[in-house]
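K.L.:
One-letter residues, chain by chain:
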Amino acid sequence: MNIKHPKIIGIVCGAIISAPWILFATIFGEINHTFKDWLAGIFTHHWIGKSVILIFIIIISGFFGLFIKKITVSTLTFWLLVLFWIILIAITAIILFFAAHTF
Amino acid sequence: MQTLLLTHIFIGLCGIVASYIVLMGLLKKEVFLRRVKTAAFFAFLAYLITWITGGGYYLNIYGPIIKPLINKGEYPWAHSFFMETKEHIFLFLPIISFVIWLALISSNEHIIKNDSLRRSIMLLAALSFAISVAVALFGVVVSGAK
Amino acid sequence: MDIHTFLIVTHIIGAVLGVGGTTFAEIFYLKALKDGVIDPMESDWLRTVSAVLRVGTVIILFSGFALVFWNVINGNSEYLYNTRLWAKLSITIIIVVNALLLHARAIPLWLGFSLSFTSWYAALILGIWSGLNASFVQIMLYYVGFVIIMGFVLDFIKKIYLKS
Chain A
-8 MNIKHPKIIG IVCGAIISAP WILFATIFGE INHTFKDWLA GIFTHHWIGK SVILIFIIII
52 SGFFGLFIKK ITVSTLTFWL LVLFWIILIA ITAIILFFAA HTF
Chain B
-18 MQTLLLTHIF IGLCGIVASY IVLMGLLKKE VFLRRVKTAA FFAFLAYLIT WITGGGYYLN
42 IYGPIIKPLI NKGEYPWAHS FFMETKEHIF LFLPIISFVI WLALISSNEH IIKNDSLRRS
102 IMLLAALSFA ISVAVALFGV VVSGAK
Chain C
924 MDIHTFLIVT HIIGAVLGVG GTTFAEIFYL KALKDGVIDP MESDWLRTVS AVLRVGTVII
984 LFSGFALVFW NVINGNSEYL YNTRLWAKLS ITIIIVVNAL LLHARAIPLW LGFSLSFTSW
1044 YAALILGIWS GLNASFVQIM LYYVGFVIIM GFVLDFIKKI YLKS
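Chains as they are written, first to last, in the working numbering: chain A, -8 to 94; chain B, -18 to 127; chain C, 924 to 1087.
The hints are simulated quantities; they were obtained by calculation from the structure and are not laboratory data.
Just to be clear, a hint being listed does not mean it is correct.
[As the list claims (entries may be wrong)] Below, a list of computed lysine to aspartate or glutamate pairs in the EDC-like style, where the Cα atoms sit at most 20 Å apart:
no., chain 1, residue 1, chain 2, residue 2
1, B, Lys9, C, Asp967
2, C, Lys954, C, Glu965
3, B, Lys10, C, Asp962
4, A, Lys27, B, Glu90
5, B, Lys18, B, Glu68
6, B, Lys10, C, Asp958
7, C, Lys1082, C, Asp967
8, A, Lys(-2), B, Glu68
9, A, Lys(-5), B, Glu90
10, B, Lys48, A, Glu21
11, C, Lys1082, C, Glu949
12, B, Lys48, C, Asp967
13, B, Lys53, C, Asp958
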C-alpha cells in the first residue's frame, strides 16, 4: 500500500536530522561559548541561529524528498517511529543537561 | 510588548488545545479524519506564531530586562533551567506538528485501516502535546521568578 | 466590571461546567449501568456531558492563564509560585490525561470517572480555599487521599444503587 504524497518523507527525514542538530547546538553552545557567539554574530542571537539552521535543514531535506516517487505505509510508519524516538532522546538529554548545569 | 507576550500565551494555548484534539481524535475508535487534519494544521500554525512572538518577546524584553533580574533574584534557576530548557525543547514543536499534519494529509484512509501507522502518528501527537504542556508550565515558572 | 473580575467570573463558569459535567457524567454512568448495558441514548447523554466537560476545561485553561498573565503584568509575580495554583495546575493535567486514558480505554471506566469526579471537586475546593496554607506536597497528598476515599464512596453508592 502506497502513501498518497510520498514526497513528505523528505520532511520527515529533515525532522530526524534536525533533532541531533538542536541537541548538538544546545549542548555544544553551552559548553563552547565561541560557537554560541559565532551563531549570535551571524544571526544576531544564538537562538535565532539555531532556528534558522533548523528551518534550512527542513527545506533542504524537503527538496530532496521531491524526487521520491513512492513510499509504502510501512516505510512511513518506520520513519515516523524513528523520529519519535530521536526527539524523545534529544529532549531527555536537553532536560538532563540543563538540570545538571543548574543544580 | 505586553501584546506580544499575551499573543504568545494565547496562541500557545490554542496550540495545546489543537494538539489535544489531534491526540484525542486519533485515540477514538472512529477517527474523524477531517477534524483531526484541521486540528493538526491549526496546531502547526499556532506553534509557528508562538515561535515568532516568543522569539520577539525574548529578544526585546526578556533577554535585556527580565533575565538579568531573574539571575540576580531569588530564583536564578528559573532562567538557567526552566527558560533554557523551554526555549530549546520548544524548537521541536513546530517540526513535530508539521510532520503530523503532513502525515495525516498523505495517509488518509490508511490511518483508519493501518494500526501501526495510526500508532506512530499518535505517539508523535502525544509527544507534541506533552512538550507543549511542559513548555507552558515552564513559562509560568519563569514568569513568577522576577 | 473590571478585567480581573471578568476573568474570575469566566474561570468560575468553566469550573461550574466542569464540576457539573463530571457530576452528571457520574450520575448518567450509574443510571446506564442499572440494566448492565449502555444503550445508544445513554451513550449520547454521556457524550453530551463529555462535551460540556471539554468546554469547561477549555474555559478554565484560557481564563486561568489569563489570570496568570494579569498577575504578572500587575506586579504580582509571586502569585505564580503559590502552592495552591501549582496543585490546581497539576490536578488539571491529571484531568486532561485521565480523559485521554479513558478514550484510549487504557483505564477502566469506573476509575476514569472517579478520578475525573474527584479531581474536578478538588480543583474547585482549592480554588475557593484562599486561606489554605500548605505545601504543594501536602496538598497533593491530601488530594491522593481524597481520590482513594471518593473511590470507595462512589463504589459504595454504585453498589447500593445497582442493588435497589
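K.L.:
Does the structure keep Lys10(B) and Asp962(C) at a Cα separation of 20 Å or less?
P.N.:
Roughly 17 Å separates the two Cα atoms, so the pair holds.
K.L.:
Tell me if the straight-line CA distance from Lys53(B) to Asp958(C) falls inside 20 Å.
P.N.:
Given pair Lys53(B), Asp958(C) is violated - Cα atoms ~65 Å apart, limit 20 Å.
K.L.:
Could you grab the alpha-carbon distance between Lys(-5)(A) and Glu90(B) and see if it respects the 20 Å cut-off?
P.N.:
With a Cα-Cα distance of about 10 Å, the restraint between Lys(-5)(A) and Glu90(B) holds, given a limit of 20 Å.
K.L.:
Within a Cα-Cα threshold of 20 Å, do Lys27(A) and Glu90(B) meet the stated pairing?
P.N.:
Judged against 20 Å, a Cα distance of about 45 Å means the pair is violated.
K.L.:
Does Glu21(A) lie within 20 Å of Lys48(B) when you go C-alpha to C-alpha?
P.N.:
holds (17 Å)
K.L.:
Need the status of pair Lys1082(C), Glu949(C): alpha-carbon distance at most 20 Å?
P.N.:
holds (14 Å)
K.L.:
Hint check: Lys10(B) vs Asp958(C), CA-CA at most 20 Å. Holds or violated?
P.N.:
violated (24 Å)
K.L.:
Keeping to a limit of 20 Å between CA atoms, is the pair of Lys18(B) and Glu68(B) held or broken?
P.N.:
This hinted pair is violated, its Cα atoms lying about 27 Å apart.
K.L.:
Starting from Lys954(C), check that the Cα of Glu965(C) is at most 20 Å away, please.
P.N.:
holds (8 Å)
K.L.:
Would you mind confirming whether the straight-line C-alpha gap from Lys1082(C) to Asp967(C) stays at or under 20 Å?
P.N.:
violated (24 Å)
K.L.:
Against the 20 Å threshold, does the CA-CA distance of Lys48(B) and Asp967(C) hold or violate the hint?
P.N.:
It is violated: about 51 Å lies between the C-alpha atoms, which goes past 20 Å.
K.L.:
Taking only the CA atoms, is the gap from Lys(-2)(A) to Glu68(B) under or equal to 20 Å?
P.N.:
violated (30 Å)
Going down the numbered hints, you'll see the structure goes against 4, 5, 6, 7, 8, 12 and 13, while the others check out.
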